[in-house]
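Enquirer: Residues per chain, in single letters:
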Amino acid sequence: MTTDKKIVFQARGLVKRYGHVTAIDHTDFDLYAGEVLAIIGDNGAGKSSLIKALSGALVPDEGEITLDGKPIHFKSPMDARALGIETVYQNLAVSPSLDIADNMFLGRERRVPGILGSVFRMLDKKGMHDEAKAKLAELGLLTIQNINQAVETLSGGQRQGVAVARAAAFARHVVIMDEPTAALGVKESRRVLNLINDVRAKGLPVILISHNMPHVFEVADRIHIHRLGKRIAIVKPDTHTMSEAVAIMTGALNPEDHPAGAYAA
Amino acid sequence: MTTPQNAKVQTADHEKVANAAGGDFATFQGAQVSLADRLHQFFHQYPVAAPTIVLLAAIALFSSIIGGRFLDPFNLSLILQQVTIIGVLGIAQTLIILTAGIDLSVGAVMVLTSVIMGRMAVEVGLPSGLALCIGLIAGGVTGWINGLLVTRFRLPPFIVTLGTWNIFFALNLWYSQSETIRSQEIEAAAPLLHWTGTAIDIFGARLTYGSLLMLGLFVVIWYALKWTAWGKHVYATGDDPDSAKLAGIRTERVLMSVYVVAGVLCAIAAWVLIGRIGSVSPQAGMMANLDSITAVVIGGTSLFGGRGSIFGTLMGALVVGVFRNGLALAGVDVLWQEFTVGALIIVAVGVDQWIRKV
Ligand SMILES: Nc1ncnc2c1ncn2[C@@H]1O[C@H](COP(=O)(O)OP(=O)(O)OP(=O)(O)O)[C@@H](O)[C@H]1O
Ligand SMILES: [Mg+2]
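As they're listed, the protein sequences go chains E and F. Position 179 of the first sequence, counting from 1, maps to 181 under our numbering, and the rest follow consecutively. Position 128 of the second sequence, counting from 1, maps to 193 under our numbering, and the rest follow consecutively.
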């Protein structure tokens with residue numbers, strides 16, 4: 003395994019309960035510097051809950067999270083963002099009635115310089131729109147006719163593009179993507195995969211949740227397999243096949259019985 | 066078993082086909098759009114457009130039926146005076162409704178704070194500026210109470226403000242001892258409270274400072290909604306609070322600020338009320354609640370939150386004012402005025418449903 007690399011993001015013994023449901027059940031988590039870590043698991047396995055705990059969207063009941071070795075206690079997504087962790091949530095977290103640029107800068111709006119900005123709090127709309135446009139173009143994610151278009155007038159895939167672009171554009175530390183290609187077409191998915199490779203090339207680690215095994219096996223350095231609220235195995239695309247990964251994920255195969263590499267092609 | 070390498074080959078294959086098809090992904094150009102679609106898009110993008118058209122149509126209608134008497138500058142400025150209180154309350158109501166809430170307590174807060182201003186100045190004998198400030202603060206406190214119940218205790222705004230409506234109204238009756246403070250007493254002790262009723266005459270029109278204050282407030286809140294981060298956060302919170310929270314907005318704080326601002330606006334409406342009727346009466350403004358909601362709804366702001374414009378509410382208030390005034394001048398019975406306003410509300414909500422569809 004990638005033992006020579008530095009651990010960026012780590013969790014130990016995380017627990018989150020919703021009433022009788024235990025969404026996260028004493029799980030561990032490790033993310034190494036500069037890697038793409040895929041998280042796979044059945045529906046309801048607790049993948050989204052895990053990354054929500056890592057991005058401040060939920061506060062775990064138990065357990066520890068460290069970032070660069072320092073313990074952190076996120077109370078809101080704002081706290082995670084302040085440390086450069088950007089997340090594409092499964093529900094996208096966009097505001098339909100606001101336009102594309104507004105959405106990209108939501109919660110981190112820029113104000114115009116001078117007294118207009120400091121006293122009258124005037125937004126630098128033009129600056130934000132230009133930058134949003136530039137970022138979208140740079141990522142090759144969207145061809146924008148009108149950056150002032152409300153997000154609700156976009157298709158599901160286009161909205162996903164906006165959410166992905168927002169995360170990729172502002173991340174300085176970690177990028178988390180919860181099923182970023184779920185609504186995307188073939189070409190669009192390809193762009194997101196390329197984007198993930200670009201982000202890794204910049205040296206930022208990526209956490210990718212996906213049900214699409216070919217995608218996972220193509221871009222991931224390591225694969226974290228989640229089952230019934232916890233991590234049950236870590237495999238690598240070059241030591242395990244998709245079928246094995248799926249078998250572990252669904253419980254058909256016990257990872258303990260089959261040490262890494264046993265089924266390597 | 067499929068090997069990973071194998072999978073990659075397959076992936077690449079079907080992607081090649083897609084890429085070969087060429088063309089840019091996600092171009093935002095619609096193909097052929099029908100006139101109805103384009104209208105729909107227009108109204109969707111500019112929520113103030115629909116009520117403005119209705120207002121212009123109403124003005125055209127009444128000037129053709131009644132003629133000069135309706136279009137007389139004095140009459141038009143009278144309409145503006147008549148809608149001033151509802152206009153100010155409507156600003157407060159718009160902010161709340163934009164967050165997908167509703168405020169049934171605006172009328173009660175207005176009356177309560179008017180009584181506080183009046184009694185502080187006349188009975189306690191405080192300087193009128195101070196009495197006014199105390200009233201404004203009291204308005205903010207009522208908003209804070211509403212906001213606290215909505216955010217901290219997670220009660221639905223409808224229920225919260227239904228409760229506080231009764232509570233504030235009871236407090237008002239208790240504090241005022243159900244007594245009216247007469248206009249002469251106010252004039253003698255606190256002329257500042259009458260300032261909003263003072264008028265300037267230009268070109269035969271009679272503009273009160275209260276009306277100008279209302280227009281100023283519309284501009285200020287329009288600016289805050291359109292040009293500040295706070296405004297974006299108000300829309301985002303009303304649109305989808307969970308998404309807004311994930312996007313890093315402290316929705317609770319946004320809601321709280323909206324309720325406090327609304328409370329202060331209700332107190333400003335109280336000041337306008339005193340200027341308009343001269344006296345301070347614990348029974349004034351009984352219908353103000355529903356009228357403010359009417360103005361917002363006719364103004365095209367969606368009761369589901371996140372959609373609407375502040376100037377729409379001004380148009381909505383003016384539409385109601387123009388219909389009431391025009392029908393009265395035409396000699397139509399009051400009951401048909403109410404009938405018309407009722408019909409307008411239903412049409413406005415119907416139009417909103419259509420516009421909200423994307
Ligand atoms: N807010 C909530 N309230 C109650 N239960 C919840 C909540 N969020 C998640 N759960 C429960 O926690 C469990 C894990 O959900 P989670 O969304 O993390 O799964 P997932 O692995 O992301 O699934 P999917 O692949 O379908 O996205 C589920 O049983 C779900 O019902
Ligand atoms: Mg999920």
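To be clear, the hints were calculated from the coordinates, so they are not data collected in a lab. Honestly, I wouldn't trust all of these hints.
What the hints assert, rightly or not - Straight-line Cα separation of at most 27 Å, DSSO-like style, residue types lysine-lysine; simulated pairs:
1. K137/E to K127/E
2. K128/E to K291/F
3. K72/E to K291/F
4. K238/E to K8/E
5. K422/F to K77/E
Every value quoted in this text rests on a predicted model; they were computed, and no experiment measured them.
Enquirer: Hint by hint, say whether it matches the structure.
Expert: Against the structure, the hints come out as follows:
1. K137/E to K127/E: 15 Å, holds
2. K128/E to K291/F: 13 Å, holds
3. K72/E to K291/F: Between K72/E and K291/F the Cα gap is close to 40 Å, so the pair fails against 27 Å, i.e. violated.
4. K238/E to K8/E: 18 Å, holds
5. K422/F to K77/E: Violated, at about 36 Å.
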